[in-house]
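Chains as they are written, first to last, in our numbering: chain A, 1 to 369; chain B, 1001 to 1373; chain C, 2001 to 2307.
Check before you lean on any hint, since a few could be wrong.
[Said to hold, decoys possible] Only pairs whose alpha carbons sit at most 30 Å apart, straight line, appear in this in silico DSSO-like list of lysine-lysine: (1) A:Lys196 / B:Lys1016; (2) B:Lys1072 / B:Lys1053; (3) A:Lys140 / A:Lys104; (4) C:Lys2071 / C:Lys2111; (5) A:Lys341 / A:Lys213; (6) C:Lys2111 / A:Lys196; (7) B:Lys1219 / C:Lys2131; (8) C:Lys2131 / A:Lys213; (9) C:Lys2006 / A:Lys358; (10) B:Lys1204 / C:Lys2138; (11) B:Lys1334 / B:Lys1252; (12) B:Lys1250 / A:Lys96; (13) B:Lys1016 / B:Lys1204; (14) A:Lys196 / C:Lys2244; (15) C:Lys2014 / A:Lys358; (16) C:Lys2005 / A:Lys359; (17) B:Lys1016 / B:Lys1250; (18) A:Lys96 / C:Lys2014; (19) B:Lys1204 / A:Lys196; (20) C:Lys2232 / C:Lys2244; (21) B:Lys1006 / B:Lys1204; (22) C:Lys2138 / C:Lys2125; (23) B:Lys1334 / A:Lys104; (24) C:Lys2006 / A:Lys359; (25) B:Lys1204 / C:Lys2006; (26) A:Lys341 / A:Lys359; (27) A:Lys196 / A:Lys359; (28) C:Lys2234 / A:Lys196; (29) A:Lys359 / C:Lys2014; (30) A:Lys196 / C:Lys2232; (31) C:Lys2123 / C:Lys2111; (32) C:Lys2052 / C:Lys2071; (33) C:Lys2014 / A:Lys8.
None of these hints come from the bench; they were simulated from the model.
No experiment lies behind these values; they were computed from the predicted model shown.
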Amino acid sequence: MRSLQFLKKEGLHSLAAPETVLLMLLFPLLITWVLGTAFSGISARTIDLPEARMPFVSDGGMAAQLYQGNSGHSGITFEPVSREEADSGLMDGSLKQYVELTDKALILHSDDPQGMEAMMVRMYSNAFIQQANLTGLALKEGRLDLAAPQFFEYTRIEGMDGRAEPSSFGYYGVTMLTMILMYGSLQMLSMLSQEKAARTSLRLKASPYAMGKVFLVKTLASCFILMVQAAIIVLFNHFVYGIEYRNIGLVLMMVVPLAVFVTSLGVLSYQVFRTENAASVFLNILTIALVFLGGGYMMVSLDDSTFAALTQFSPIGWVNQGLFQYIYRGSSAPILWAGAKLLGLGLVMYLLAFWLFKKEEGSDRVAAD
Amino acid sequence: MWPLIKNNIQIILSRKSILFLLLFLPVILFSLGLLNNSTSDIRLRIAVHDEDKTNLSQSLSETLARDGSQVKDIAPEDIENSLLDGKEDAVVLIPAGFEAAFLRGEQPEVTLRTLKGQEVVASLKASLDMHLSALNRLRDIRQPESGAALVGAMAEAEADGLRFESRRITEGNVSQSLNFASGMLFYVLTMSMLQATALILQEKHWNTLNRVRQAPVGKFTYLTANFLTAAIFLLANIFFLFLLTTFVMKVKTTPAMYALWFFYGIIWIFFGIFLALVVNSRAVHASIVPIFTTVFAMLGGSFWPLWLMPEFMRKLAMITPHYWANDAMTLIQKGQSLFAQKTDLLALAGFLLLFFALGVFALRRSQSVENFL
Amino acid sequence: MLEVKKLVKRYGSKLAVSDVSFKVEKGEIYGLLGPNGAGKSSTINIITGLIKKDSGQVTIGGLDLDRELTKAKYLLGIVPQDLAIYNDLTALQNVKFFGALYGLTGGTLQKQALETLEFVGLKDKARDKVKTFSGGMKRRLNIACGLVHRPQLLILDEPTVGIDPQSRNHIMEAILQLNREGMTILYTTHYMEEAEQLCSRIAIMDAGQIVAQGNLQELRSLIEENWYIAVKVKGTPPVDELSKVAGVEKIDLNGNALRFTCRGKHSQLRDILEVLSREHTEILDLSIDEPNLEDVFLTLTGKRLRD
């Protein structure tokens, strides 16, 4: 019963500041939308063509008209501009690049020659130049019947089904979920240091309620609050963004070990650093590093070997990989193994924190707290 | 004024976590950004399985490479996994007898195998079809006896005819790593300036703000002192960056860049003061800050090039100061002075005025000491 | 109820508690009086199990703390010097939570929580958030949180520091009421007036040691040779002449009020009056004082309680 009362108190603390909770939920939902939309044109595997609009400077002759007119199936729209417009556009930054057709050359003026649009222009232009040069040759050799460009289909596309990969929303729907769970370590830290700030740690220590139980109850409370946040995020992602999780209940159960891990990390950090500020800086840096190593920010293919290597070092990566494998490939072994590792690590950290606490129990530092 | 500033500096210096955020994190992230050497290189990875092994089939590979793709050979048993594992974007299969059939005037087929949904393959197909169509025409014109002769004739025609060139627009080399480093700097400067001005909230929490306000110190004086404190740390940051780029990383920078970074930081100091005035608690402040730092940085192109994003998002990015600052940075690298970039400067000045006005509004709203406290 | 025997506690080389022994009988209010740094808080922290002692023995209700600490904690209620309450919860939520830690549940918990709040005069504010309370109200809630489980021994560590006189009186009334109902109380303070008003027995602590203990009469008798004359005069008193009066140990001057510490024979009053008359100084008020705890402390330690 006492533990239930304790849990209730922790819940009341969370509800006491609803705006903080709401903002904490808003952040991952917002980031998921930004990242999901930003990278919607790129999956980890395929590259979608942007709408390439290229300014075009020419004398407006036949060659220019042919060049402009046949670009459609290459996905480029050439927009005629004068040389003065091109130059002033470059000066004021409104134009990034343009193509110029002269007597001798098709010139791409760009400071980003390896970019997507430049690549498309290069492919189309090389092919066009070939046709144009042959027209010249045909005229030179008196073969007027062969002067006009010809286009035949020699290439057949065979599309094959790739392995299931998440879309950008699907990807960030998972990684932002694990990222916000990772910040649960800071939430746990805050729950512990709150007692010190309110001086109520004194009462807790003087009461017959064992401090080990205080640790345990706060860990449970933090896990519970995290799981509620995770559930809200997952449900929102599914029903509003349309992200598929294969089985929402199972996915939520699969992230429970991560919740345990991060709360134990928060407890251990508190015991090691003893001040909220220092522990907070450490946890913030660690979170950013682990999320980054776990593929949280950059969309990577599930089969990318570099990704697989990097994620070995990050518990967030274990969970991300595991969830992706479950959701998109139907394999639950990776996430179960990740869960086992996280529970083990969480238990070790918790026991270490408890040992540190017991070591100083009754010491002068306890009274100072 | 000076005792207030001195006190603020002492408080910040005594709190290692804030000091780290204000002084060291910007330099660290900027350095990490400089180490990033990736360029926006979107070359297609194409594998070719050539069963024909003739001059004509070879010319297809060369055409693909000339268009800028990475081309390599592949064995048939590796094709499927290569595509599934994402090692190649497309595989070109040239059948045996291709050249012979082509020279006979037939229309032999080249297969382009790829994963479904790969839009860029359409451009690739168009390029191959146009090249082969051109060879078809040349065959009709010259009627060569061999593939070698056909390919040779094409080379001759190209030598005398139109050619493709790529030219840089500006003399200055736009360093992608400096751009990225600058983007990271904009991200972390937002964070650090918002934290510097959060000292106001900290004082509310300690109740020391009561004492300050009960002394003959006006609200405006107090806020100006906070502004100047943050500006001092901003200047310190800029100085550290100067030392870093000049003596450590040896990166070419210009006064315009430093001016831009400083101007950008000032914008966020104004916003930070506004935020500290309207927000009630440090917890709420801590929850709001990531939205303006991380989300805005993502939207504004600090972490990745804007062209990756859909059109509407590129337009949406304009609501962030990061967008205009990143753009100004690119133009500065191209050799333009800061004052020549009217659009970017106007936009940034607009943000500065807006945040300043918001701060004045918030200050006016807090008429009573109670509200202010 | 509480027995402390030869308690010793060191912080590094500093001896914070040195061979402290005292006994608190059931049903009494026992005071620990001493200035800041005397060792009162360290003694309390050891009794409540917060810190470990270096040597000595503490028993509460017959339970040895070394062997039965958890059991002993059920008998204790703590009112710490610093406020130890949750600002973002309501008064009732605070009290109920701390009551639950001591094993109270269900209807009993609710009933005792409300009764305790009524006792400290906060029943009307039971459902208000603590952050809206004044300092005095927070102090009262601080007490309520230590009382809710009806401890047998209540330990109050300087509970009236920094509060208004009205709240202080309320707290002191409440303590007396609790004692009348049978609660044993250990009360630490550096306010002599509180100790005199509340405590049946007092231990005076200084520099980690108990320099004297007993009831007020017993403590006064330690310096029975001393007695005090308080005089208020008009204008500036002739201190130089008055200091020549034989048998006057010390003169405390506060504006136009004088307090003479006299020792031994009782002719000092006559002599003082003669001097004042000779110097044409008008007397506004005159009284003979018994020694107070401040005087006892000063005599025994050479320091003032508030130094």
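Open item on the list: Checking one constraint from the list: CA of lysine 1219 (chain B) to CA of lysine 2131 (chain C), max 30 Å. Satisfied?
Closed with: Holds, at about 25 Å.
TODO: Below or equal to 30 Å on CA atoms is what counts here, so check lysine 1334 (chain B) against lysine 1252 (chain B).
DONE: holds, 12 Å
Task: Pair hint lysine 2232 (chain C) and lysine 2244 (chain C), alpha-carbon separation not exceeding 30 Å - done: holds, 19 Å
Task: 30 Å Cα cutoff - pair lysine 196 (chain A), lysine 2244 (chain C) - done: Not satisfied, since the Cα-Cα distance of roughly 57 Å exceeds 30 Å.
Task: Pair hint lysine 2014 (chain C) and lysine 358 (chain A), alpha-carbon separation not exceeding 30 Å - done: holds, 24 Å
- [ ] With a cut-off of 30 Å on the C-alpha distance, tell me whether lysine 2006 (chain C) and lysine 359 (chain A) pass.
- [x] holds, 25 Å
Task: Given pair status - lysine 2006 (chain C), lysine 1204 (chain B), alpha carbons within 30 Å - done: violated, 46 Å
Open item on the list: Checking one constraint from the list: CA of lysine 196 (chain A) to CA of lysine 1016 (chain B), max 30 Å. Satisfied?
Closed with: holds, 20 Å
- [ ] Given the hint that lysine 1006 (chain B) pairs with lysine 1204 (chain B), test it: the Cα-Cα distance must not exceed 30 Å.
- [x] OK: lysine 1006 (chain B) and lysine 1204 (chain B) at ~18 Å, within 30 Å.
Task: Straight-line alpha-carbon gap lysine 1072 (chain B) to lysine 1053 (chain B), limit 30 Å - done: holds, 14 Å
Task: Given hint lysine 104 (chain A) paired with lysine 140 (chain A) - CA-CA distance at most 30 Å - done: holds, 17 Å
Task: Pair hint lysine 2123 (chain C) and lysine 2111 (chain C), alpha-carbon separation not exceeding 30 Å - done: holds, 12 Å
Comparing the model with each earlier hint shows violations of hints 14, 18, 25, 28, 30, 33; every other hint is respected.
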